[in-house]
Amino acid sequence: MATVTAESSTSKPFVRVPTRRNQLSDRAVMNLFIWPTLILLIIFNFFPLFYSLYLSFTSYRATSPTAPVWVGIQNYTNILTDPDLWQAFTTSGRYVLFSVALQTVVGFGLALLVRGKFRGSGVVTTLILIPMMLSPVVVGLFWKLIYNPSFGFFNYAIPFINPAALDMIGSRFADIPVQYLALASVILVDVWMWSPFVMLLVLSGLNAIPDYLYEAAAIDRASSWFQFWRITVPQVMPLLLIAVLFRTIEALKSFDLVMGMTGGGPGNQTELIAVYLFRVAFQGQFRSGYASALAYIILIIVIAISNLYIRYLNQAKGEA
Amino acid sequence: MVNRRLLSAICYLLSAIRMSNISLSNITKKFRSVIALADVSFRVNDGEFFVLLGPTGAGKTTTLRVIAGLEKQDAGSVAFDGEAIDALTPADRDIAFVFQQYSLYPTMSVYDNLAFPLRSPVHRVSEEEIKTKIRGVAEILRISHLLDRKTARLSGGEMQRVSIGRAIVRDPRVFLMDEPLSNLDAKLRESLRVELKHIQKSLGKTILYVTHDQIEALTMADRIAVLNEGQIVQEGAPDDIYDRPATTFVAQLVGTPRINLFEATRQNGVVTLKDGTVMVESKPNLPDALLLGIRPEDVKPDANGKFSGQILLKEPLGVETVLHIKTGEQTLLSLVPGMSDAKIGDVLKFSIASDKLHFFDTNRKRVNA
Numbered sequence: 001m002a003t004v005t006a007e008s009s010t011s012k013p014f015v016r017v018p019t020r021r022n023q024l025s026d027r028a029v030m031n032l033f034i035w036p037t038l039i040l041l042i043i044f045n046f047f048p049l050f051y052s053l054y055l056s057f058t059s060y061r062a063t064s065p066t067a068p069v070w071v072g073i074q075n076y077t078n079i080l081t082d083p084d085l086w087q088a089f090t091t092s093g094r095y096v097l098f099s100v101a102l103q104t105v106v107g108f109g110l111a112l113l114v115r116g117k118f119r120g121s122g123v124v125t126t127l128i129l130i131p132m133m134l135s136p137v138v139v140g141l142f143w144k145l146i147y148n149p150s151f152g153f154f155n156y157a158i159p160f161i162n163p164a165a166l167d168m169i170g171s172r173f174a175d176i177p178v179q180y181l182a183l184a185s186v187i188l189v190d191v192w193m194w195s196p197f198v199m200l201l202v203l204s205g206l207n208a209i210p211d212y213l214y215e216a217a218a219i220d221r222a223s224s225w226f227q228f229w230r231i232t233v234p235q236v237m238p239l240l241l242i243a244v245l246f247r248t249i250e251a252l253k254s255f256d257l258v259m260g261m262t263g264g265g266p267g268n269q270t271e272l273i274a275v276y277l278f279r280v281a282f283q284g285q286f287r288s289g290y291a292s293a294l295a296y297i298i299l300i301i302v303i304a305i306s307n308l309y310i311r312y313l314n315q316a317k318g319e320a
Numbered sequence: 001m002v003n004r005r006l007l008s009a010i011c012y013l014l015s016a017i018r019m020s021n022i023s024l025s026n027i028t029k030k031f032r033s034v035i036a037l038a039d040v041s042f043r044v045n046d047g048e049f050f051v052l053l054g055p056t057g058a059g060k061t062t063t064l065r066v067i068a069g070l071e072k073q074d075a076g077s078v079a080f081d082g083e084a085i086d087a088l089t090p091a092d093r094d095i096a097f098v099f100q101q102y103s104l105y106p107t108m109s110v111y112d113n114l115a116f117p118l119r120s121p122v123h124r125v126s127e128e129e130i131k132t133k134i135r136g137v138a139e140i141l142r143i144s145h146l147l148d149r150k151t152a153r154l155s156g157g158e159m160q161r162v163s164i165g166r167a168i169v170r171d172p173r174v175f176l177m178d179e180p181l182s183n184l185d186a187k188l189r190e191s192l193r194v195e196l197k198h199i200q201k202s203l204g205k206t207i208l209y210v211t212h213d214q215i216e217a218l219t220m221a222d223r224i225a226v227l228n229e230g231q232i233v234q235e236g237a238p239d240d241i242y243d244r245p246a247t248t249f250v251a252q253l254v255g256t257p258r259i260n261l262f263e264a265t266r267q268n269g270v271v272t273l274k275d276g277t278v279m280v281e282s283k284p285n286l287p288d289a290l291l292l293g294i295r296p297e298d299v300k301p302d303a304n305g306k307f308s309g310q311i312l313l314k315e316p317l318g319v320e321t322v323l324h325i326k327t328g329e330q331t332l333l334s335l336v337p338g339m340s341d342a343k344i345g346d347v348l349k350f351s352i353a354s355d356k357l358h359f360f361d362t363n364r365k366r367v368n369a
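Protein chains in written order, with the working numbering: chain C, 1 to 320; chain P, 1 to 369.
In isolation and in its complexed conformation, chain C is listed as follows (with noise of 0.2 Å):
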């Protein structure tokens, strides 16, 4: 390093040889770089975490001009002792059921079906992909659309059916209320939208199998439900729990589709709990408190689902 700044300067005399005063040393590169990133953090994830977990003992509303007002586990007990929550959160829990399981079943077979190279696999597997890079509220918004019992076309693809007597958002069927209905058609929405993020992960598990595998298999005249039972499914586990725990997660939490489709309806019908929990923190009401408790409660529940499926997460990868 000396001799070459040595033999620059001897060069061009007048070139400004860098010393080491003004250069960053790597540390201060280093602070530069992860400070502003930690502030950022501090201020919208951090104090927000912890200043919610207070207010979440306190009674308190973001638009009164009033302190919070400690109350204990107040809040708690009353969300654990109300029927409306507990409404939502079974609602939820359908959701979440019904949802991922489609999806895990469609995901999975989307993925055996593009595995195999044709012509044109790259171009079809791109185009399945596509409903996951929409906008929530976008699909929410023209599925609404499709549903409409009018103009929509979903209806008039359900062979034997009145198509003007089916009304999928508003859950009823020749005006007669039917109970599910509208919880199911946001299910088949998040199963279109969502079974290309399983299959996609599945894909690159599928790839993972070595072809040998199935050869030794072939040669061993193992049927092909066999390899399908001891080969591909323990391979691509991993993979397909990973792709669960992500899409259980996000059920748990789905909210943008709901709103854009359902806004909860008919009734408390699609009310999933976190369009619930907007109801109570944004909605006319503002109970800041009372919400915070509340997403406390569905951040434990997230919590303790993603530890289980990570336990068999590992379990499943120690077996491979």
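Any given hint could turn out to be false.
Okay, the calculated bits of chain P under chain C, using three or more residues with CB under 8 Å as the criterion [what the hints assert, rightly or not]: (1) 80-92; (2) 104-116.
A few chain C residues that face chain P, going by a derived Cβ cut-off under 10 Å, partial list only [claimed, not checked]: (3) Ala184; (4) Leu188; (5) Ala217; (6) Ser223; (7) Gln235.
Rather than coming from a laboratory, the hints here were simulated on the basis of the structure. Remember, it's a predicted structure, so these values are computed and weren't measured experimentally. Glycine included, every Cβ here is placed at the ideal spot set by N, Cα and C.
Place chain P on chain C using the hints.
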């Protein structure tokens, strides 16, 4: 011990009833524009340990995969016992395939891996019978203590033993093995080599074995076919291949250290190297321009030797020593038994066994003198 003898007796009887030879006729296989196999024909006899030897990319594995039915040939036909099997699926060909990668089913135990081919609905073997068979095979391969383990927890050698076990347990018509030992370390390779040969001899089964390792080929094979660029170069017993290589390619492929190969000319009744060194008296059927091959073990230090040269390098291998001798413009390799006391820089007198010289014409084909 009794068990093993019984098992081999049973297997011998079975194989006596069912012959299993393989014949390939004019197999050609192309991958797009690349010709992998060009008109390959050979025959593996019943109960024979047949080795397909060749460098990487010679088409050995493709040949094996065509026989297994994992790859479809573009032309030619494969027959087992004279019966064409080209239309059969891999499952119906009744073969066992040992892959270079240990193709074990990762989520199953060793026992289940071994039982896998027997549990196929085609076979209808009772669990009781499966158990006896697996115990027998596990004993031969010395993996009895591993039966309950998950395959992910095995070492490379153990995995390959299980793979071989899975092949043996089913008693197929023929065994196809694709470099099964090349992922193992040298010690293990040596011991499995011996074991494999022993198993083959005691079961009397037909094995078609693919390798790029000439030592594996020479030690295990009853017969060897040398493959290069999709074509069979030479076919014969190990001593044919070693002592009478058909081309310079075979001569250089087989034998370590490599054969000494020099350009030479026939002039005035003697064979002369480029720098004028007279090697031997010429035979009448030699061409004017030729290549002279001398195996390193035929270059022997000899106080009364006709030739002399300076030692450039010495590689002591324990049981033998490789000497690099510079003579004229050439450097000759000489293989001497034991540790040599010759020093680098010494001038050494040596003789060449003139009856063991190999002559090749300019097309690199052998000329029998």
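Results for each hint:
| no. | hint | in the structure |
| --- | --- | --- |
| 1 | 80-92 | holds (count 3) |
| 2 | 104-116 | holds (count 5) |
| 3 | Ala184 | violated, 36 Å |
| 4 | Leu188 | violated, 34 Å |
| 5 | Ala217 | holds, 8 Å |
| 6 | Ser223 | holds, 7 Å |
| 7 | Gln235 | holds, 7 Å |
In summary, the numbered hints that this structure violates are 3, 4.
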